[in-house]
Amino acid sequence: MIPTILKRLLAVVPTVVVATLLVFSLEQITPGGAAEAAAGPTATPRQVAALKHQMGLDQPVPLQYVTWLADVARGRFGQSVINRQDVGAEIAQRLPVTLELTLAALLVALLVGIPLGILSAARRQSRIDGVVRSGTGLGLAVPEFVLAMFAVDVFALKLGWVPPTGFTPLSQSLASNLQGLILPALALGSGAAAIVTRQTRGAMVEVMDSPFMRTAWALGLSRRQIYFRFALKNALISVITVIGLLAGALLGVAVLIERVFVIPGMGSMLVDGVTQKDFPVMQGVTVVFVAIVIVINLAVDLSYAVLDPRIRR
Amino acid sequence: MAQVVEGESRPASAWQVATPLGAVAGGPGRRAWGPGLVLAAGFVVFVALVGVLAPVLAPHDPIKQDLGNAIAGPSAQHLLGTDDFGRDVLSRLIWGARPALLGVLVAITTASVIGLPWGLVAGYAGGAVDLVLMRLADALLVLPGLVIAIAITTALGASLTNAMLAVGIVFSPVVARVLRSGVLTVRDREYVVVTRMYGLRPRHRMLQHVLPNAVGPAVIQLTLLTGISLLAQAALGFLGIGVQPPAPSWGDSLASGYKFIIVDPAATAAPAVVIVLTVLAIYRLGDALRDRLEIPA
Chain A
1 MIPTILKRLL AVVPTVVVAT LLVFSLEQIT PGGAAEAAAG PTATPRQVAA
51 LKHQMGLDQP VPLQYVTWLA DVARGRFGQS VINRQDVGAE IAQRLPVTLE
101 LTLAALLVAL LVGIPLGILS AARRQSRIDG VVRSGTGLGL AVPEFVLAMF
151 AVDVFALKLG WVPPTGFTPL SQSLASNLQG LILPALALGS GAAAIVTRQT
201 RGAMVEVMDS PFMRTAWALG LSRRQIYFRF ALKNALISVI TVIGLLAGAL
251 LGVAVLIERV FVIPGMGSML VDGVTQKDFP VMQGVTVVFV AIVIVINLAV
301 DLSYAVLDPR IRR
Chain B
314 MAQVVEGESR PASAWQVATP LGAVAGGPGR RAWGPGLVLA AGFVVFVALV
364 GVLAPVLAPH DPIKQDLGNA IAGPSAQHLL GTDDFGRDVL SRLIWGARPA
414 LLGVLVAITT ASVIGLPWGL VAGYAGGAVD LVLMRLADAL LVLPGLVIAI
464 AITTALGASL TNAMLAVGIV FSPVVARVLR SGVLTVRDRE YVVVTRMYGL
514 RPRHRMLQHV LPNAVGPAVI QLTLLTGISL LAQAALGFLG IGVQPPAPSW
564 GDSLASGYKF IIVDPAATAA PAVVIVLTVL AIYRLGDALR DRLEIPA
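For the protein sequence lines, the chains are A and B, in the order given. For the first sequence, position 151 (counting from the first letter as 1) is numbered 151 according to the working numbering, and the numbering increases by one without interruption. For the working numbering, add 313 to where a residue sits in the second sequence, where the first one is 1.
Chain B on its own, in the form it takes in the complex (with noise of 0.2 Å):
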């Protein structure tokens, strides 16, 4: 669980190419949505209907052993086969869909609840309040993610919540930082320094006119962190620290492919493939979004 480094260079986006045409279907300001972003965006959609919809689509009970029929390989009966105790692998992998919407949820509503309050506070009051509370973002930023988010969870008490409520709060300090560099920009504009004299509430000075113009970096921030964090969501299912047994998940998935994966890799490869692609759609949107945002990355 890196955090994104900033200032990284901006991948050369389908956007460039894109934007003669968009200008003359939108005009100014608007772009066309070119073919990869129609594609991730399709593709997260779709993740997120076969959740809603996993009752209908999955053609077997996901929970429903069939010792005599493990590790059976595909067939027409099974697209993906059976895992070590009879489940059929698609059904599992529909029904994960659900804990992978549900975590992801929990993990940036998390970081936002937390990190976003804390980065404006820190970036609009600004002197000793900003001092601790970013020497306190550093000091957490500094740990190792993945372990401090196994050890909260394991006090939490494992389960999916739990895991992704410590993704979620490790994440919060990333959250913050960026916001609050984005509040600094524009702390001091001309439109800030007018409501001041018009005598607004500081609250509703830092949550109408501040908050509002400063939250692009930290929301381009958060759609990274969703992939992050649904790869934070597999490597837990995957130790069974998150969603547990034998209720199916992508990360559990992982786990049981795994132990006869000589015999029949698809059952691991089908989940790993589902997991590389959402992330792949999700950082796609985040790059689109920043270019939508106009934020230089």
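Bound conformation, chain A alone (with noise of 0.2 Å):
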């Protein structure tokens, strides 16, 4: 078990070192440079250097990226270039409220997909199998977004059901802000829902299609034992996988949810810290991003090896 965790982990150190060299070197891609970017088309030559020294981009690039790398590891973004605001600060202000909105998406996924894909499963090549899958195909081919608009102007606006807009933190109320979540949340897991049923289905027809389960029949074990004790628990373990690929997925629609429902969370913060060339801002918010996709990849990664035995050699 040990020797596994110590592997796992080992894993993540390319993804971290291609991950954190990737968003460094965007500033150095940038036509110009980041310098250029923050001061602005009118800006004298000499300001520009001027800025370069003050952001430390005068220095050698591989003494810029210790330096980045060191700062990053300990929290400190940098200020903002156009609002001068710690970027720090900010991104501690406004990741609960991402996480939040992530978490009960990919809840929705879980709570309809699952049951769907048994469903699905048991009932196979039947009219119920039939529609669950033709519904997956649309639930993968409308996005996630311009399913929001549609909910917006039906649910919030014509039928005044929820707020069309806007975001209550969790500390201020309970009640407003999970009535504020519901069409983000559904909205942004309605295409992992779509992923998570097809690959409930597939696994659970995988695992219905094993000898083992062909004995269980045999045994004369009711309907609900086969298909829950046994079926669902081995099919399970590649849903969990998936989770680690929803997850980035999840994190990157939420930016265009945000946007469609006026949430002030990292997403919004991205958009703005893009349109507006801030280069600290985008950088901190990709960064934390990056480390929580890992992260949750590594959750995963070990669940799965701490539930399936024959992962653990």
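These are calculated hints, taken from the structure and not from any lab test. Any given hint might turn out to be false.
To be verified - As a list, the in silico EDC-like pairs of lysine to aspartate or glutamate whose alpha-carbon atoms are at most 20 Å apart:
{"id": "1", "chain 1": "A", "residue 1": "52", "chain 2": "A", "residue 2": "36"}
{"id": "2", "chain 1": "A", "residue 1": "158", "chain 2": "B", "residue 2": "577"}
{"id": "3", "chain 1": "B", "residue 1": "572", "chain 2": "B", "residue 2": "397"}
{"id": "4", "chain 1": "A", "residue 1": "52", "chain 2": "A", "residue 2": "71"}
{"id": "5", "chain 1": "B", "residue 1": "572", "chain 2": "A", "residue 2": "153"}
{"id": "6", "chain 1": "B", "residue 1": "572", "chain 2": "A", "residue 2": "272"}
{"id": "7", "chain 1": "A", "residue 1": "233", "chain 2": "A", "residue 2": "301"}
{"id": "8", "chain 1": "A", "residue 1": "233", "chain 2": "A", "residue 2": "209"}
{"id": "9", "chain 1": "B", "residue 1": "572", "chain 2": "B", "residue 2": "379"}
{"id": "10", "chain 1": "A", "residue 1": "7", "chain 2": "B", "residue 2": "451"}
To be verified - Just the calculated beta-carbon pair ranges, DEER-fashion:
{"id": "11", "chain 1": "B", "residue 1": "368", "chain 2": "A", "residue 2": "264", "range": "40 to 46 Å"}
{"id": "12", "chain 1": "B", "residue 1": "397", "chain 2": "A", "residue 2": "43", "range": "32 to 38 Å"}
{"id": "13", "chain 1": "A", "residue 1": "173", "chain 2": "B", "residue 2": "575", "range": "22 to 28 Å"}
{"id": "14", "chain 1": "B", "residue 1": "445", "chain 2": "A", "residue 2": "4", "range": "19 to 25 Å"}
{"id": "15", "chain 1": "A", "residue 1": "272", "chain 2": "B", "residue 2": "380", "range": "46 to 52 Å"}
{"id": "16", "chain 1": "A", "residue 1": "173", "chain 2": "B", "residue 2": "397", "range": "46 to 52 Å"}
{"id": "17", "chain 1": "B", "residue 1": "521", "chain 2": "A", "residue 2": "45", "range": "23 to 29 Å"}
{"id": "18", "chain 1": "B", "residue 1": "387", "chain 2": "A", "residue 2": "11", "range": "53 to 59 Å"}
{"id": "19", "chain 1": "B", "residue 1": "445", "chain 2": "A", "residue 2": "93", "range": "36 to 42 Å"}
{"id": "20", "chain 1": "A", "residue 1": "45", "chain 2": "B", "residue 2": "415", "range": "31 to 37 Å"}
{"id": "21", "chain 1": "B", "residue 1": "415", "chain 2": "A", "residue 2": "29", "range": "21 to 27 Å"}
{"id": "22", "chain 1": "B", "residue 1": "472", "chain 2": "A", "residue 2": "71", "range": "27 to 33 Å"}
{"id": "23", "chain 1": "A", "residue 1": "46", "chain 2": "B", "residue 2": "380", "range": "24 to 30 Å"}
{"id": "24", "chain 1": "B", "residue 1": "388", "chain 2": "A", "residue 2": "12", "range": "56 to 62 Å"}
Every residue, glycine too, gets a C-beta built ideally from N, C-alpha and C.
Take each chain as given, in its own frame, and dock them per the hints.
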């Protein structure tokens, strides 16, 4: 068990190196460099040079990377070049919002996807199976943010069931927090729900075709026992792996969903940073997103090893 | 932009129904075009034609504003109504097919140019080269694709080409992974071993004998990525990071329509329907290609 954990932890190292190098090098590939972008089109060469010095951009590139990495590791992301706000502090404020939204969407995906997948697999080749499968096909083709726009139109603007935009922090009021979260979470979770459904169905079908399941039927076990005690338990392992893949996808799409619902999370911070060419903001948000995805994937990998004895070795 | 999971169960396609007819009509190995596939192919061709013929087809100038006639709703003059600047929604949709086509082309070309050599070399060289190249691919695959694409686009400067270049870069490790597994299956086949005995140069062997036989799954992956890149383009356009307004694009149509969705949902629904149908059609073509190349899903 311990060697497995160590091996998985070591496997994270190249990912971290590649990811940080990528985010860091964005500054290098931008035409004119980050200082010119920050100084604006009207700045004189002298102003740009002064800003370059102030931002440490006149140092050798490898040194810049190491300095930047050391800062990032300590949660120091620098100041926004637009409003001089501390990027780390703003991330700390916005991160809970995005995490709540993403977790809620993941919950939606699992609560919808797993039962539908089981149903679809248990009634294989039936009408229900057909409906579920075309439904997931559509779920994969309709972008989450497009679904979100029509959800806002129908349920918020026309029916008035929930507020169309905005977000109440969890600390202020649980009720209005959840009310504002329902539509964004459902929309964000829709594509993931389709993926979870397909994965559950595929895994269930595969398990149900295996010899030990035939034995279970032959022993005369009840349907319920066969599906839930044996088939689902084995099928869930492959569903858990998908969660790792979904984490990255959900965080990315959350950027769009936050835009549709005007939610003050990491995504809207990223878009603002991007449109204003605010490198510290953009890099800070990207690094945090990447860190979350790496941690989730590591957790998935480890839980996978715990759940499946065959992988432990 | 979830990576398409390998080993997904293949949807029961219209093919299975069409096979007996196809066997009669086209002989062994040739299958008839089912109605679904004809529809899908027809739609993709239709979108491409609309893009090419946009100057002829569009009833109005897509950029010309008419603020006195803003958010007008469908009429005989403006079949899909006008947006908040009084611009004709239909004309913007028709012109939007151009950046859609161009963007997809840029993304897929970038993904191929980076991903194919990457996978080919990794699979063929094996050993330490393979290990390093695939570790790199794995590291990139874990990262949140859309966020990385947004970040790269900012660095390069917000434009359609740069945005889709970024999307292509994000896709490239997917292509590399799939091609590598294809290369591994053919690398030690007899016909490749024979070319080695004939003393063909490795480069020639890789390009002439390994690649053509290994590229099938990667081509199918690329058709799926075509659909995903269209979705990505709509997303980036919606955020204002892709095509720069006032130039028309489907993503921008979604963003501007959303501003007045309560009054005129049609202006948002039209680009949404076009995007979804195009993506579904592309996926359908990918499925058909998979069947034709007889690669198990």
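Now the hints, each set against the structure:
1. For the given pair, residue 52 of chain A sits about 8 Å from residue 36 of chain A by alpha-carbon distance, which is consistent with the 20 Å threshold.
2. A C-alpha spacing of about 12 Å is found between residue 158 of chain A and residue 577 of chain B, which places the hinted pair at or below 20 Å, so the restraint holds.
3. Our distance criterion of 20 Å between C-alpha atoms is met by residue 572 of chain B and residue 397 of chain B, whose separation comes to about 8 Å.
4. With a CA separation close to 18 Å, the supplied pair residue 52 of chain A and residue 71 of chain A stays within the 20 Å bound.
5. Note on residue 572 of chain B and residue 153 of chain A: the hinted pairing holds, with a Cα-Cα distance of about 11 Å set against a maximum of 20 Å.
6. About 19 Å separates the Cα atoms of residue 572 of chain B and residue 272 of chain A, which keeps this hinted pair within 20 Å; it holds.
7. With a C-alpha separation of about 17 Å, the suggested pairing of residue 233 of chain A with residue 301 of chain A holds against the 20 Å cut-off.
8. A threshold of 20 Å between alpha carbons decides the hint, and for residue 233 of chain A with residue 209 of chain A the separation of about 15 Å falls inside it, so the pair holds.
9. Of the pairs offered as hints, the one joining residue 572 of chain B and residue 379 of chain B holds, with about 17 Å between alpha carbons and a cut-off of 20 Å not exceeded.
10. Taken as a hint, the residue 7 of chain A and residue 451 of chain B pair is honoured in the structure, with Cα atoms around 15 Å apart against an allowance of 20 Å.
11. Checked against the hint of 40 to 46 Å, the C-beta distance between residue 368 of chain B and residue 264 of chain A comes to roughly 43 Å, which is consistent with it.
12. Under the hint 32 to 38 Å, the C-beta atoms of residue 397 of chain B and residue 43 of chain A, about 34 Å apart, fit the expected range.
13. About 26 Å separates the C-beta atoms of residue 173 of chain A and residue 575 of chain B, a value consistent with the hinted range of 22 to 28 Å.
14. For the pair residue 445 of chain B and residue 4 of chain A, the supplied restraint of 19 to 25 Å holds, since their beta-carbon distance comes to about 23 Å.
15. Between residue 272 of chain A and residue 380 of chain B, the C-beta spacing of about 28 Å breaks the proposed range 46 to 52 Å.
16. Between residue 173 of chain A and residue 397 of chain B the beta carbons are some 34 Å apart, a value that contradicts the proposed interval 46 to 52 Å.
17. Roughly 53 Å separates the CB atoms of residue 521 of chain B and residue 45 of chain A, a value that falls outside the hinted 23 to 29 Å.
18. Roughly 56 Å separates the CB atoms of residue 387 of chain B and residue 11 of chain A, a value that falls within the hinted 53 to 59 Å.
19. A beta carbon spacing of about 40 Å between residue 445 of chain B and residue 93 of chain A agrees with the range 36 to 42 Å that was offered as a hint.
20. Taking 31 to 37 Å as the suggested C-beta distance range, the pair residue 45 of chain A and residue 415 of chain B conforms, at roughly 36 Å.
21. For the pair residue 415 of chain B and residue 29 of chain A, the supplied restraint of 21 to 27 Å holds, since their beta-carbon distance comes to about 22 Å.
22. Range check, residue 472 of chain B to residue 71 of chain A: about 31 Å between beta-carbon atoms, so the 27 to 33 Å window is met.
23. For the hinted restraint 24 to 30 Å between residue 46 of chain A and residue 380 of chain B, the CB-CB distance of approximately 43 Å leaves it violated.
24. For residue 388 of chain B and residue 12 of chain A, the hinted distance range of 56 to 62 Å is satisfied, since their beta carbons lie about 59 Å from each other.
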